[in-house]
Structure formats: structure tokens, C-alpha cells
Amino acid sequence: AQSVTQPDIHITVSEGASLELRCNYSYGATPYLFWYVQSPGQGLQLLLKYFSGDTLVQGIKGFEAEFKRSQSSFNLRKPSVHWSDAAEYFCAVGASGGSYIPTFGRGTSLIVHP
Amino acid sequence: DGGITQSPKYLFRKEGQNVTLSCEQNLNHDAMYWYRQDPGQGLRLIYYSQIVNDFQKGDIAEGYSVSREKKESFPLTVTSAQKNPTAFYLCASSRTGLRSGANVLTFGAGSRLTVL
Chain A
3 AQSVTQPDIH ITVSEGASLE LRCNYSYGAT PYLFWYVQSP GQGLQLLLKY FSGDTLVQGI
63 KGFEAEFKRS QSSFNLRKPS VHWSDAAEYF CAVGASGGSY IPTFGRGTSL IVHP
Chain B
987 DGGITQSPKY LFRKEGQNVT LSCEQNLNHD AMYWYRQDPG QGLRLIYYSQ IVNDFQKGDI
1047 AEGYSVSREK KESFPLTVTS AQKNPTAFYL CASSRTGLRS GANVLTFGAG SRLTVL
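For the protein sequence lines, the chains are A and B, in the order given. For the first sequence, the numbering used here gives the first residue as 3, with consecutive numbering after it. For the second sequence, the numbering used here gives the first residue as 987, with consecutive numbering after it.
You may find that some hints are simply not true.
Pair by pair, the computed Cβ-Cβ distance ranges are [said to hold, decoys possible]:
#1 1002(B) <-> 18(A): 47 to 55 Å
#2 16(A) <-> 1043(B): 41 to 49 Å
#3 1042(B) <-> 7(A): 19 to 27 Å
#4 996(B) <-> 85(A): 21 to 29 Å
#5 43(A) <-> 1042(B): 34 to 42 Å
In case anyone wonders, no lab produced these hints; they're calculated from the structure. All C-beta atoms in this analysis are idealised placements derived from N, C-alpha and C, irrespective of residue type, glycine included.
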């Protein structure tokens, strides 16, 4: 069975600083990987996804993530954080074969200081 | 625009009452899902359906029931058997099959249920 670990419950950064949110997954084959963002009281929005090919994936809102098979990681990055990026971020892993229902991590809450 | 509509946005319930949360999608997706979200616990799968008139239990199905009579609709009933129903409930949908896009979920805005 697949699983996802987001080791950081909260991350605090200053506006304009760089950001990296960590995600580690467990899956026996090549996974499908996702990052979603959730604003307070709202649903989740897809930021980016990795299925195959280039391991550096570009997403919306200036985010990118890099798939590192050797480290079983899919960390989310942004070079300069804006106050509007404050939200909850979820990493998810989906199976490339069989059941396609993704498994979500517990989320990382991003706090942005002015 | 295509999307998922959940209603109501906020719902209050007395203990012992059943309540039904609505979820409607116009994305022509075959699969639909219900997740429960509690602070610090991420998203936990309650039920999912890959086709009309069929659904499967997720990780925390006890105290919940669903139906899938139409492709567009997947209502969730929170029954009085659910011991701790206060939570944020999210409905989602996706394509199915072996295509990679089957893994991509589109979410509704959620429904917050509070038991008084």
C-alpha cells in the first residue's frame, strides 16, 4: 500500500523568502505524485503533478517540485513566497497501476510573515 | 464552467439526527469520492464510487452511507451511528481507467458539519 509523510506540520517564512515543503512517499513502483493547496474553509486545488518524464515539474502560482526516486521524495519549492501563499499544502501519491485512488499526507500549514 | 458543487456549506445537527450532504458534478467524471478532514489528520477516505449504482467503503466508512443513482450525484448521509461527526467534508471526482489522469481529483468547496 502507498503512503505519504509530510514531516513538517507548520512552516513559517517571511514574505519574499524561498520555500521548500517536504514530502516523502512509499510505493513499490513508479508513483504518480501530486501537490494540492487548500485555503481556509475551501476545497483543495491541484498545484502540480508528476506522472513520468522530466523529474522537475512546474505548476501554477510559481510552484515547482522535484521527484527524486533515490530519496522517495517530491518536495515542493517556490523561490519567493507571497502573503497569499499562506495555506495548507497536501502531498499525495497515486498508484501507477491498479487502484488509482490517491493517498494524502497530513498536510503542512504555511504561515507567511510580512 | 465545470466543477463540483457541495451543499450546504455549513450544517448544524443535533445528536441522534441523520443528515445528508449533497455533491453534484458536471465534469462528466465517472468516479466520485467523499473525504473527511479533521485538523492535523489530513484527508481520510469515507466512500468512493467508480460507476453508477456501485460504491465501495473507504478507510472510515462506519456511520456513513452513500448512494450513486446518477453519474452527476453522490450524496453522503451521516447517520446517528457516527460517534464523532463534527468535521469538514470534501467531495471530489475524477476520471477512471488506466489513464494517468484518473489519479487527478477535482474537489468541491466542502461542507462543515457541527453536531450540537
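Do the hints match the structure? See the list:
Under the hint 47 to 55 Å, the C-beta atoms of residue 1002(B) and residue 18(A), about 52 Å apart, fit the expected range. Between residue 16(A) and residue 1043(B) the C-beta distance comes to about 45 Å, which sits within the given range of 41 to 49 Å. For the pair residue 1042(B) and residue 7(A), the beta carbons lie near 25 Å from each other, so the given range of 19 to 27 Å is met. Here the CB-CB span from residue 996(B) to residue 85(A) is close to 27 Å, well matched to the stated 21 to 29 Å.
Between residue 43(A) and residue 1042(B) the beta carbon distance is about 29 Å. The supplied range of 34 to 42 Å is therefore violated.
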